[in-house]
Structures are given as structure tokens and as C-alpha cells.
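*Asks:* Please work from the sequences and hints to get the whole structure.
Next come the chains, spelled out residue by residue.
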Amino acid sequence: MSTAAPLRRSLVTPTTLVLVALVVIAFCFLLQRFLFGLGAVANINPGYPWGIWVVVDVIIGTAFGCGGFAMALLVYIFNRGQYHPLMRPALLSGLFGYTLGGFAVIFDLGRYWQAYNLLLPWHAQLNSVMFEVALCVMAYVVVLWIEFSPAFLERWGFAAIKRVLDRWMFVIVALGVLLPTMHQSSLGSMLLVMEYRLSPLWFTLWLPALFVISALAMGYAVVMFEATVVSKTFSLPSEHALISKMSIVVGWITVAWLVLRFGDLVARNALPLAFIGSISVFLFWVENAMFLAAALVFITPAGRASQRASFLGAVALLAGGSLYRLDAYLIGYQPLNNWSYFPSVPELMVSIGVVALEVLLYLIFIKTLPVLHGDAARR
Amino acid sequence: MTEVDRRDFLRGAGFATAAAAVPTEASAAIARPPKQISPQAVGMLYDSTLCIGCKACVAACKEANKMPAEVPATLTGWNENTWDSAEDLSGRTLNVIKVYRNGTAEQKDHEINGFAFVKRHCLHCVDPSCVSVCPVGAMQKDAATGIVSYDPDVCIGCRYCVYGCPFGVPQFDFSSALGKIAKCEFCRHLQKDGKIPACCDVCPTGASLFGPVKELEREIERRTAAAPGTPYQFPRGKIGENRPPNAATIPTYVKGVYGEHEAGGTQVRYLAGVPFPKLGLPTVGRQSPASLSEGMQHTIYQWLIAPLVAFVGFAFLARRNLALHHDDDAPPSKEG
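Keeping their order, the protein sequence lines are chains A and B.
Going by our numbering, the first sequence opens with residue 1, and the numbers climb by one from there.
Going by our numbering, the second sequence opens with residue 380, and the numbers climb by one from there.
Among the hints, a few may not be true.
[To be verified] So the derived list for chain B, only partly shown, Cβ under 10 Å to chain A, looks like this:
# : residue
1 : Tyr539
2 : Val691
3 : Leu696
[What the hints assert, rightly or not] Heads up, incomplete: computed chain A residues facing chain B, CB under 7 Å, no partners named:
#  : residue
4  : Pro46
5  : Pro49
6  : Trp50
7  : Tyr76
8  : Gly110
9  : Asn117
10 : Gln125
11 : Met130
12 : Val171
13 : Tyr196
14 : Leu336
The set of hints was computed from the structure by calculation and includes no laboratory data.
Just so we're clear, the structure is a prediction, and the values are computed from it rather than from any experiment.
Don't be surprised by glycine CBs; every beta carbon is placed ideally from N, CA and C.
*Replies:* See the structure below:
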């Protein structure tokens, strides 16, 4: 029987202190942003109204938060209970990926003090893809906290509440699979309005499918990445046996994604554009090479058996999925009037600070709450 | 006055490829039906051949909309905010005149060794992307006049309208802690008092002409049907209004009317003597981008049937599987 337990380690370490410092730096720049405007901190401009705070912190950040979604689909919908030990750490990374994505939206919004208009029914604009994304993401953040709440309830012994929650957990689990399917595909649909501004290498009617499938693949990759890093860092027994079994699923999802990606390019006659020399074309190939490398690792028995290869495969998948999103939103997009964009140092420091906060909270939670597979954590 | 960059044109060619690479049948099948222009729609006709580049329209626009003068960093040495020198649309400029220049730039409205002016502001699309993408409805299109208006008290500042506009029109003021979107609203505050948009009111040659789109379309037909060199009375201000016209001759126009079909049609139309892409007007296909993105969303989410069916299916499976592995999901914590 698998149980979860807090990891008995010190909260104050050199790593956590560095993370705290990065978070403090980010908050200083955010103060500057709130006092003097977005332009005082970020390099976003009329040609690139969205920069890394949107694309990295929200579009890519929430894909990194898809671990909970991906594992819930496998464990509860496809009934693969053997992967349950990976469920809570996956939910935890999802919890922070999404909560901090939502936080990033607030400081990126130019008129954040009116953000509550999103929740007022008389302002709802049902044709807007972003309206759907916003509501879905907000709902999913709530769902993630409820899905994860047994960890708190166990820690502080609220048995009665937990019994009620257990009875209704199937509703939460169903929402926890439905909502990410909806908004991760909609993050692709958000680009459908860019027909005349996005390169045909990325603009396709299949954007919603490509986004949700790659989000799912990235969700499994995050779980594999995190399980390996945590077991190495804290010298815990490896979860590789479990990960190795799961990776065949990831491999075929990645293959499906590549088939759709290239099948669509061929069907639209857009593939010749991938042989014109330019930075965006180069990144197109890097992005797809990452997916291909991951697919090759995960569908071959030798690749799955090797812990190192599997880890690198997960890294390749995360890098490929991130680059795909960056390309679709910024690199493959053609601005009017020759604007260019590269993030400023303060802008980068804010995004780095958000990631640091995510890692910091993750470490605090696994050390204080029953998250990790108990038999390992107690050693 | 900024020069229209040659790279704009090259980029324009890129968009044309983009439009061609999406199979139109598939895209048209997904897209919802195109929106039709209102019979009472108002618009503008900008005739580049009549424009003398005086920029009276830019100054009048700033005054009418209480926008500050803009001075590019390169000019601050001698220009201390006394002379507005806006180079492009921005959070503080709703209307701007730009120039195309080629070779010796000797002849007006000639593509080779010539020059030409172009006016940029909101085109008031028939099926606007900005209205479609705005999550809170801060962008609205008036059902009768077709004016696309902006409400800063509703806007959350997400800037999806800036990103999504195929013409690069809405602008966010990044330099202010309380920035908002800026875009031409056809001076709707002046129209309430029976006035016309400031840019058309002050235009000395009738290059910017205001009026009902239907009448502007007839005016375009008259101009393009007449032989070049024919004497012609170009109306000024508002079409049909009894202002003395500008007596001149019909120029040689390039083929087509920019804005007639672009992105599903717009209420601002352009006539010019130099090809539109050279003037920096983006090459945009006929299908409105909003019709495609809304068509896709409405296909996936029609009556919320697909999400509801998926939810019921997921809930059924989750309930069964949670019961099967109940012990796994309720791990008794030994630490407490």
C-alpha cells in the first residue's frame, strides 16, 4: 500500500536562499512596473504587445503545470493505478505552475485593477477565446487546490472533511481533466485570429489539437523530470521502473503529435517554407528535432531502460514543447512596421523570479506536507 | 514624417504567402458566415493622390482627442514638445501621415523615382478582430454606424486587440502606470454634437472625406470610372455637404480599393497612385480572421455539448476507478 509522507529535511539550505534572493529581485522590478508602467520594465512595444511575461510565464508555464492533468488522465480515467505514487508530486507542480501563471497574468495586465470585469456576467464576451481561457484557468486553479487538499487534510488531521471530499472527488477529478483539455487547446485557438500575421509553418486549423497534445506530452515529461531530480537531490530510491513503463505512453503521444504536425504541413503545401534560410525556420527544425529525439528515446526499449536517456528525453520534450509555444506566439509572428523584441534584463529577472518562487514553494511543500511516496520519503 | 520602410513591403509579401498556405475550403468550412456592413455605416475615403502631406489632420486629431504631442528621441534636441512629430500610431497618436519615397523622389504618386503619402488610423472593420478577441467587451461595434469604440473603464489591458488586429491599429500606452488602449473612434464624441471627425473637417484638399459608406462607394466609382486628366470637383469634409469642392483633375489610380475586401471589408477605403503594399498598408486576405476563430470555437463548444459529454464520461470513469483503488487514494498518513 502506498502512502505519502513529508520529506524530513531542513527548509533553509543554500539553494532555498538563492531562490529567495531571486524572488526578492523580481518583486523589486514588479514594484517598478506598478509605479511607472509596463514600458519602464519590459521591452514590449506596439509590434510585440505580448512578451515573455505572457508567453513564458503563462503559455509555457501552464504547459509545465500539466503534470496533474496528464497523470489524472492516466491514473483515474485510464485506470492505471500503479502510477498513483507519481500523482501528488504531479499535482503539486501543477498547482504552482497554474497559480503562478495566474499571478503573472495580473502583473502583465495593463489595467489589472479592472481584471474583475472578467467575472461580471454583463461584461462576458463569449466569442473571445481569451475569455474562455481566463475562466477555465481560474476554475482549474481552484480544482488543483481541491485535488491537492488531501495533503493538507491528512497533515492536520481533518478526517471528517476528507471523507466528504473523498465522496465527491470524482467530480473534481473529471473537472481536472476536462478544464485543461479545454484551455490548453484554446491557447492554440487564440492564434487562429492571427491568420495574416503568423507564418504558415505555425498557422493551421489544427493549432488547438497541436497545443493540447503537446501540453499532455509536456505534462508527463514534467513528472519524469521532477521525479528524477527529486530522487537524485535527496538520495531517494529511483522511480525509474515506474517512469520507464509510463514513457511508452509519452513516446506514442509524441509520435502522434509529429505525425499531425508534419501531415498538416504537407497537406497545406507549407513544408517548402521550412527550407528557406531564416532564424524562424532554424528554430522550427530545432523545435521538431526535440520532439523527434524524445519520441525515439521513449518508443525504443533501450531508450526506456536507460535512466539517463529517459531523463534527457523528458528534457528534450519540455524544451521542444516550450520552443513550439515561443515560436508560435513570438518567433513565427510577423509584426507590422518593423518592430523587434528581445526581453530586457528586468523583464527576464521577473520571469526567473516566478520560476524561483515555484521551485521554492515546491521544496517547502514536499518538506512539510505528505506529497512524496511515503516509503521513499521516510528513509 | 516616417518613411514607409521597404521591409514592410517584403513582410507584406510574407503575409500573402501565409494567406495562400491555408486551404481556403477548409478554412471557409470552419469559419462562421461573414458579417454584413450596416446600411447606415459611416466611413472615410482617403485618396492618397489628393493628400499634400500637410498633417493638419494629425494636429486636429490630437486636439480633438486631447492627446499629447509626440517627439521622437532623435528630435528632442531642438523640439521641446512644441511640434508634434509622431512617426507612427502609438498610445498617444490615433492618426498619422507617413510617406513613401523611391529613388530621386521627384514625382508625386509615382512608384519609381516618386513619393506618396498615406494616412494610418483605424479602418473600422465590418467584422473586427479587436471586438471578437476582447474578453470583456471593451471594444464594441455600433450596430448602426459601425463605429468601433473602446471603453477604458471596462478594458483589463490584456492587449489581445493589439496583437490580433491585422492592420496594427490599436495601441497600448506602455509609458504610463495607468495606460490604456488608443485607437481612432471616428471622433464619436464630436459626431454626437453633429460635427464630423476632426481629420476630415480640417483636410484642405478632400483627401480625407467623411460620410456614409454607401455614398463614399459611389464617389469611388465616379473617380475610378473617369479618365485620368478629366477635370473633377473633389468634395471636402463630409460628402454631400455644401462645402466648396477642391477643383482638380482625375489622377492615375492603381487598381483596386484598399479596404473593400481586406479582412472581410472595412469602413475606411483607400485610393492611391502607388501600389498599396508600397504605402505600408498590410496585405490582408478577404476572410475576416474573427470569422475563423469564432467559427472554430463555436464548432468545438456548440451548446457546450462536447464539454458536457466529456465531463460525464470522465466523471463516470473517475468514480469507478476511484472506488476500485480506494486505498490508494486515501493513504492514511502515519505521521499525522
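*Asks:* None of the hints should be skipped; say for each whether it holds.
*Replies:* So, going through the hints one by one against the coordinates:
With a cut of 10 Å, the hint placing tyrosine 539(B) at the interface with chain A holds, because the nearest CB-to-CB distance is about 5 Å. Taken as an interface hint, valine 691(B) checks out: its beta carbon lies about 8 Å from the nearest beta carbon of chain A, inside 10 Å. Below 10 Å, beta-carbon pairs count as interface contacts, and leucine 696(B) has one with chain A at about 5 Å; its hint therefore holds. Evaluation of the proline 46(A) hint against chain B yields a held restraint, the C-beta minimum of about 5 Å falling below 7 Å.
Evaluation of the proline 49(A) hint against chain B yields a held restraint, the C-beta minimum of about 4 Å falling below 7 Å. Given hint, tryptophan 50(A) at the interface with chain B, holds; its Cβ is 6 Å from that chain's nearest Cβ, closer than 7 Å. Annotation: interface hint on tyrosine 76(A) holds; nearest CB of chain B at approximately 5 Å, less than 7 Å. For glycine 110(A), the interface hint holds, the least distance from its beta-carbon to any beta-carbon of chain B being 2 Å, beneath 7 Å.
With a cut of 7 Å, the hint placing asparagine 117(A) at the interface with chain B holds, because the nearest CB-to-CB distance is about 4 Å. Checking glutamine 125(A) against chain B by beta carbon gives a least distance of about 4 Å; that is within 7 Å, so the hint holds. Checking methionine 130(A) against chain B: minimum C-beta separation of about 4 Å stays under 7 Å; hint holds. A hinted interface residue such as valine 171(A) counts as satisfied when its beta carbon comes closer than 7 Å to some beta carbon of chain B; here the least separation is about 6 Å, so the hint holds.
The beta carbon of tyrosine 196(A) is positioned within 7 Å of a beta carbon in chain B (closest approach about 5 Å), and the interface hint is therefore held. Hint status for leucine 336(A) relative to chain B: holds, with the closest Cβ pair at about 4 Å, below 7 Å.
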